[in-house]
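Make the full structure from the sequences, and use the hints.
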Amino acid sequence: MHYLQLENDLEPSDGGTNQDEISEFIENDQRFIDYVIAVNLHPIPEDTCSECCPSQKWLDRQDFNPNDLIYEACAQLGWDSAPDNLCLKMNFQRIKDMKNI
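Counted from 1, the sequence shown has number 38 at position 38 by the numbering used here; the numbering is strictly sequential.
Heads up, some of the hints might be wrong.
Unchecked claim - Calculated lysine to any residue pairs in the SDA-like style (CA-CA distance at most 20 angstroms, straight line): (1) Lys57 to Gln5; (2) Lys89 to Gln62; (3) Lys96 to His2; (4) Lys96 to Leu6; (5) Lys96 to Cys53; (6) Lys57 to His2; (7) Lys89 to Asp63; (8) Lys96 to Glu46; (9) Lys57 to Phe92; (10) Lys96 to Trp58; (11) Lys89 to Asp29; (12) Lys57 to Gln93; (13) Lys89 to Val39.
Since the hints were derived computationally from the structure, they do not count as laboratory data.
Keep in mind that this is a model prediction, so the values were computed, not measured.
The following block contains the structure:
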């Protein structure tokens, strides 16, 4: 059985010229760092239909989403608004077993 490990980097898309700055700000937010650590303490089942993606059931159980921090990040960066369409995708690495974590 294969499992996934959550990476500590986010992949921004559709956010315009400042998307990388927002993504990096959130990657360095302690809440995201703590989430990555906590998630990787347990196996993340790989979706049977898509390589390197967690199952929808696993995603539905998550109570944290880095996209929820976008507006807060923009405010802390001193901006008056946030990109409407910015999406931060979490990246996962495929591992063969939990010993590789």
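Status of each hint after checking the structure:
Between Lys57 and Gln5 the alpha-carbon distance is near 16 angstroms, which keeps this suggested pair within the 20 angstroms criterion. Between Lys89 and Gln62, the direct Cα distance comes to roughly 14 angstroms. Compliance with the 20 angstroms bound is thereby established for this hinted pair. Between Lys96 and His2 the alpha-carbon distance is near 5 angstroms, which keeps this suggested pair within the 20 angstroms criterion. Straight-line distance between C-alpha atoms of Lys96 and Leu6 comes to about 14 angstroms, which keeps the hinted pair within the 20 angstroms bound.
Between Lys96 and Cys53 the CA atoms are separated by roughly 14 angstroms; this keeps the pair inside 20 angstroms, and the hint holds. With a C-alpha separation of about 16 angstroms, the suggested pairing of Lys57 with His2 holds against the 20 angstroms cut-off. Of the supplied pair hints, the one linking Lys89 and Asp63 holds, its CA atoms being roughly 16 angstroms apart against a limit of 20 angstroms. Straight-line distance between C-alpha atoms of Lys96 and Glu46 comes to about 11 angstroms, which keeps the hinted pair within the 20 angstroms bound.
For a cut-off of 20 angstroms, the pair hint linking Lys57 to Phe92 stands: about 16 angstroms separates their Cα positions. Distance restraint check for Lys96 and Trp58: the Cα-Cα separation of roughly 18 angstroms lies within the 20 angstroms cut-off, and the hinted pair is therefore satisfied. Distance restraint check for Lys89 and Asp29: the Cα-Cα separation of roughly 16 angstroms lies within the 20 angstroms cut-off, and the hinted pair is therefore satisfied. Between Lys57 and Gln93 the CA atoms are separated by roughly 18 angstroms; this keeps the pair inside 20 angstroms, and the hint holds.
At most 20 angstroms may separate the alpha-carbon atoms for a hinted pair to count; Lys89 and Val39 meet this at roughly 15 angstroms.
The earlier numbered hints are all upheld by this structure, with none contradicted.
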